[in-house]
Amino acid sequence: KQEVTQIPAALSVPEGENLVLNCSFTDSAIYNLQWFRQDPGKGLTSLLLIQSSQREQTSGRLNASLDKSSGRSTLYIAASQPGDSATYLCAEDSNYQLIWGAGTKLIIKP
Amino acid sequence: EPEVTQTPSHQVTQMGQEVILRCVPISNHLYFYWYRQILGQKVEFLVSFYNNEISEKSEIFDDQFSVERPDGSNFTLKIRSTKLEDSAMYFCASRAARAANSPLHFGNGTRLTVT
Chain A
489 KQEVTQIPAA LSVPEGENLV LNCSFTDSAI YNLQWFRQDP GKGLTSLLLI
539 QSSQREQTSG RLNASLDKSS GRSTLYIAAS QPGDSATYLC AEDSNYQLIW
589 GAGTKLIIKP
Chain B
-4 EPEVTQTPSH QVTQMGQEVI LRCVPISNHL YFYWYRQILG QKVEFLVSFY
46 NNEISEKSEI FDDQFSVERP DGSNFTLKIR STKLEDSAMY FCASRAARAA
96 NSPLHFGNGT RLTVT
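The listed protein sequences derive, respectively, from chains A and B. For the first sequence, the positions run 489 to 598 when this note's numbering is used. For the second sequence, the positions run -4 to 110 when this note's numbering is used.
Looking at chain B on its own, in the form it has when it is part of the complex:
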């Protein structure tokens, strides 16, 4: 069964550094998402992406964050200058259609640790 893949599984970085989290969505999916889960807290929506542009973003997704689909397969989340509070599990997701019967499929996540 097709799946969403994320790399790396774990990233450690120093405060102030830039990080890029990578995702390969399911190949025929059109809608892409990033969510994050701070340890012990709820999963939170960051951003949705369709047709090469951001369709929605949350308050968390400030100017430090950006997303890109540089080619036909990858979907990346960049954090320009990481802060300690960016430490979290970041999940990429994709869905085939923006429809009530279209489930989101998630990757296994990237655990980001900012020191």
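Next comes chain A alone, as it looks inside the complex:
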């Protein structure tokens, strides 16, 4: 059974720090991996999509990497801001269905 795991479950850091969120997956035959942001009680905002043939994608202060061989993806957030506080979810797309991690709840302290 395909499984996606995110570590840590929660993270609290001071504003301005660079940080890394981790995602691991068991299915090596993924098509892509997506990172999402979820604010409390709100929808799912797509941040980055990395295709299986790619190693990384960047958008502003966000950089996501993908290592298929080890079954890992990381989301790097540079110069964190209080507005980055949210839950970050990764999801692997291996059969055009997304299999989701439980998320990392990120709190950026001013």
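As a list, the in silico DSS-like pairs of lysine-lysine whose alpha-carbon atoms are at most 30 angstroms apart:
no.	chain 1	residue 1	chain 2	residue 2
1	A	Lys556	B	Lys52
2	A	Lys593	A	Lys530
3	B	Lys37	A	Lys489
4	B	Lys73	B	Lys37
Covered stretches of chain A, as calculated for chain B (at least 3 residues, CB under 8 angstroms):
no.	region
5	513 to 525
6	534 to 544
7	571 to 583
If you're looking for bench data, these hints aren't it; they were derived computationally from the structure. Using N, Cα and C, we set each Cβ at its ideal position, and we do this for glycine too.
Please build the complex by placing chain B on the supplied structure of chain A, with the hints as guidance.
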């Protein structure tokens, strides 16, 4: 930027009642999905829909659930006889193509509360 819209944002219903959750996908998208998230749990796939028929469904999507695209814009999820355990956030999503470089775009969700 085009977006997926869902209505209502919050629906409260009594156990045993039928509910219809509505979604308007992005206009040029061809693939449509429903996912749900029970409070405190992972997001789960329910069903995918293409060319006016279900392409895949999960074990959760039993006979109590149905989907429909009644016109060129709406995509609905019907739960025939709601149970307490159907309480969850339901997300609609759409994508332009069934391709690795085509991201899913999600709506803001409908919070369904079954009492």
